[in-house]
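Enquirer: Residue numbers (my numbering), protein chains in the order written: chain A, 2 to 450; chain B, 6 to 227; chain C, 25 to 548.
None of these hints come from the bench; they were simulated from the model. Treat the hints with care, as some may be off.
Said to hold, decoys possible - Per label pair, the in silico range of CB-to-CB distance:
id	chain 1	residue 1	chain 2	residue 2	range
1	B	G92	C	N222	41 to 49 Å
2	A	D421	C	G294	49 to 57 Å
3	B	R211	C	S365	53 to 61 Å
4	A	N24	C	M25	52 to 60 Å
5	C	R257	B	L168	27 to 35 Å
6	C	Q103	A	N246	46 to 54 Å
7	B	L168	A	N164	31 to 39 Å
8	A	D421	B	G92	29 to 37 Å
9	B	T182	C	S46	53 to 61 Å
10	C	E115	A	K279	26 to 34 Å
The structure displayed is predicted, hence computed values, not measured ones. Glycine is no exception: its CB is placed at the ideal position from the N, C-alpha and C atoms.
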Amino acid sequence: MADEALPEIRWRDVNKLLARPGNIVAPTFAHSPQLRDDLGKYVRVLVVGAGGLGCELLKDLALMGFQNIDVIDMDTIEVSNLNRQFLFRLQDVGKSKAEVAAKRVMQRVSGVTIVPHFCRIEDKDIEFYNNFQIIVLGLDSIEARSYINSVACSFLEYDDNDNPIEETVKPMVDGGTEGFKGHARVIMPGTTPCFECTIWLFPPQVKFPLCTLAETPRTAAHCIEYAHLIRWDEVHSGKAFDADNPEHMQWVYSEAVKRADLFGITGVTYSLTQGVVKNIIPAIASTNAIISAACALETFKLVSGCSKTLSNYLTYNGLDGIHIKATDFVREKDCLVCGPGTLIELETSVTLLQFIESLAEHPKLLISKPSITYRGNNLYMQAPPILEEMTRSNLRLPLFNLMDKVPKGTVHVSGSTDKDGKRTSCLRKLRVVFKGVDGIVDMDVAGGS
Amino acid sequence: MDGDGWHGIQLFRDSPLRLSLPRSLRCSSPRLSLWEGGKMINLFKIKDQKREESGNATGRAPVKKQSAGELRLHKDISELNLPKTTGITFPNGKDDLMNFEIIIRPDEGYYQGGTFLFTFQVSPSYPHEPPKVKCKTKVYHPNIDLEGNVCLNILREDWKPVLNINTIIYGLNLLFTQPNDEDPLNHDAAAVLRDNPRLFENNVKRAMAGGYVGQIYFTRCI
Amino acid sequence: MATEAKTKYDRQLRIWGEQGQSALEKASICLLNCGPTGSEALKNLVLGGIGSVTVVDGSKVEAFDLGNNFMLDQESLGQSKAKCVSAFLQELNDAVKAKFVEESPETLIETKPSFFTQFTLVIATQLLDRYLLKLDKICWQANVILVVARSYGLTGLVRISMKEHDVIESKPDHFLDDLRLHNPWPELKEYAHTFDLNVKTPVVHKHIPYIVILINIAEEWANTHGGSLPSTRQEKRDFKDQVKAHMLNLDEENYKEAMDASFKVSAPRGISSHLLQIINDSAAEVDSTSSDFWVLVAALKEFIENEGDGEPPLEGSIPDMTSLTDYYINLQKIYQAKAESDCLAMEQRVRNILKRIGRDPESISKASIKNFCKNARKLFVCRYRQLEDEYNTPVLPELQKYLTDEDYSFAVGFYILLRAVDRFAANYNRFPGMFDGDMDEDISWLKTIAVGILNDLGFHGSTIPEDLINEMCRFGGAELHAVAALIGGIASQEVIKLVTKQFVPLTGTFIFNGIDQKSQVLPF
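One chain only, chain A, in its complex shape (with noise of 0.2 Å):
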């Protein structure tokens, strides 16, 4: 590319922020000439999701001058994305939407660096999202919103007294959109609530009872879902429906329509039955714009320094009028994913046995009868016999080398504790140190096994 040839004056409107001091700015804001220049040079952005916001984000990011970024989806191209997601073209389809993505925003803004990833979340190793110092994310599932939270909160390390150490802090910006309404949040691990301190925003999905779709069935959506749920079953013993099959789609579609006409419903068309069995979520390019402009400035900000920043949580409602509000929420204290959890210091001679035994003499514990969980292994569980008894023999071993002999980590205990006299069950994160073992180990790295 023959960009490089491109002057400073490119930016000239980011810089007017980024040069000059202000008085409405982060306290370390430090404005410099060179700061766009460092800021697209030294920042590493990670873009997760390169659909409807992920298009947007990109474009945003590298128009506010961020020259590093990575962007991750394992999508690929769907006509239905056309009508907002602008990167693709109907030649397209069938392509990854991170990799067409990310070389259509290098080939028209220079100098950005786009380095595409078609693969799952959860295909990178975790140390993979250490490279960045900050992650955008452009989603549309709960899980994978979840996923991304619980790995940037992993590198989240507290202090001895549960301050989070800025250095590990890994802030993340989160938009979501649906129809004329969307949310764009700011999480700094430790400090703002993170996905998981607020799940509770997010509405379970409306499930219909199987009786009702069996039995007295009154709706489209119930003629739909009787054939996606209980017919296709019972026709194609043991083939597994796909709701990307158009002839699976348009089989459910046909039941779905004898049906309602067996019981005098109406309402059953194609598109309504696509939009019941895929769940399909209506979007246009205006509100995923609006969405992901407000997600770009915001990490602008962060980086930068340049202004204050969104506290923390915005929601956006364009069907009547405009409206948008800003929300202060507030961290769950507990929280088993962002949290401090209880710091234990450990000789590396403590058996797994001695451990238990110390959680109930703890006077910020006090749990008794617990089970213990490291990284997904269940090192002791009490309950039921089975696992108790396929975990009984760790109790002889010491806790340093269930753990894999790390310096440091993270274990979990469900157990029950004793609550205003009475007996309640609980679950506690616990940071675990041993002593006399060489800090400086990096935890991520050596915990890897």
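Place chains B and C on chain A using the hints.
Expert: Below, chains B and C alone, put in the same frame as chain A:
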């Protein structure tokens, strides 16, 4: 905030935050630039190398991430209080709690003496989303269809995050002691239960022993 | 609609339907100035399949354009900006006609006002207010909708200007179906009477729809309360208890639904004050020049006063509820039959009114009347002030209120300052803070101008926070891409609402606050 610490976050006004880079990486040049480039990029290069080395040399699997859902399930499982009719198995071993099976052997009612296998699939969004439960034993039952779909309100429309695996297992047991003809999934079985309980009892016996009820063959599950 | 277009537009058709889409495809949009704000607004419209766009801009692409406008790349340097932007837009969707005029909008406004009359809607971006005021007059006279969008540093605004915008399909988020539980018509009552709430069969008992339950229990209640329905808080509680007393067990979903909906029995009869205001609007006194909308409102008014007996035509839809299929389908049919007969009566009235005012009685289609009836409770009339009125006759008490409200202080400050920078530009031929060297001078001049504007508005002694004035100068007229994309995004959303005549457009001025994202709509 002094010395070599990172300035990852700083409170500003009524709490917005900013991210900046480590002061240790800033050089003492007169210009107050935020980042002193060369060093910064080196740091990340070093980190990358370290990761690659550890990954390649030892061939270690990536660190497994435990979702909030898995943690909550860990709690549910560790507190399981199974009724004596119910057993549980973990086909993928002790570290995969997200997929398990339970076996119910009702000790009273129409289904006494039968053995019924259910599979549980728990998603990472648990308990935001309920587990997917299927009955793997073909059963003649008003609330379980021949494909193993189970009509239990707390598995779908009435699921709430405060409920847990114990509640579901209790609910499944109840289905065998109190089959209900008012919200049927197997229409024929429900009609028989409502209109002719004795015939229903016989049909259940026949099905459990392995045989036909009407046109449908049931494999033995006693 | 062709299958491919249907698939391509699927996610938006689920929002505004084929009707809305066809309205978009018929619209012709003119954009003034194709910086990032305008380009991004058009991008969203072109993706959605707007009929045609005409980009008006007289400037050539310069290096700094490449730092904030995605539609321009290195090859565009030195070329007509309008041409380059239009070419990129065309690439996005070949179903759209993308045209351009290489001419400065200011010149067109001054010399060729008739140019604007060919469009459905004009989006004016980054235009100084003295031109906006002229353009507004032109558009107002020609009945062309004007959408104003401005990005300025970390702030910006969006505003609509037109005489009146009437919405039938306002599609509110949570709108309760009109079930008439407080006032059932004879056929509905009759159907409710075919049920015995004390039926012994459990399957039947737990599947009686709550509509039937409530109508019957309300009747029981009225019989023991001198014909009146529960109205006091205590009575409502008692009524709910009476519903609960009919439950055979506490699991009966239909009774739970009945208890949740029991307040509907006490709903006041008649129409909302919002609708009352519309039917009493002077525009509802129709003549041959009246729009279809107001003819329909006139008919609605007659309907409410006559066969409606105080109520609007019934929409005919009922929510899903626990019920046996047959009961539910029967109920649905009863509601639909009533809706159809109401619609027929409305149609009669519409035809008579059309005849009376000397129009073809068939000039409003049956489908339109039906659609109107289905939305009669959700009508919206948005009236706008001419830009000149906003400038010359401010709504003082409102402004005063917002000036002193902490939540609005940034927004009001930006509102005044956005005007102030235009006055500054008119005086000094540059935006404040445009050049580094003039900073201190510009800050004090801008402050003087802002105070002057406040004085003109009648707020003597009021002032704008110093910090905000400083920031405004720091912005120096910058058009940041992220801000432009947001402002352009909002402008395009409003265009969609205006063109499809669905949802409720912005009234007042939207002020973007990019500092802490506490943006506001000021009602003036």
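Enquirer: Determine for every hint whether it applies to the structure shown.
Expert: How the hints compare with the structure:
1. G92(B) - N222(C): 41 to 49 Å: Holds, since G92(B) and N222(C) (Cβ atoms, about 45 Å apart) stay within the stated range.
2. D421(A) - G294(C): 49 to 57 Å: holds, 53 Å
3. R211(B) - S365(C): 53 to 61 Å: holds, 55 Å
4. N24(A) - M25(C): 52 to 60 Å: Check passed, 53 Å falls within 52 to 60 Å.
5. R257(C) - L168(B): 27 to 35 Å: This hint holds: roughly 34 Å between Cβ atoms.
6. Q103(C) - N246(A): 46 to 54 Å: Holds - the Cβ-Cβ distance for Q103(C) and N246(A), about 47 Å, lies within 46 to 54 Å.
7. L168(B) - N164(A): 31 to 39 Å: This hint holds: roughly 36 Å between Cβ atoms.
8. D421(A) - G92(B): 29 to 37 Å: With Cβ atoms ~36 Å apart, the hint holds.
9. T182(B) - S46(C): 53 to 61 Å: Since T182(B) and S46(C) have Cβ atoms about 59 Å apart, the given range 53 to 61 Å holds.
10. E115(C) - K279(A): 26 to 34 Å: holds, 29 Å
Checked against the numbered hints listed earlier, the structure breaks none of them; every hint is satisfied.
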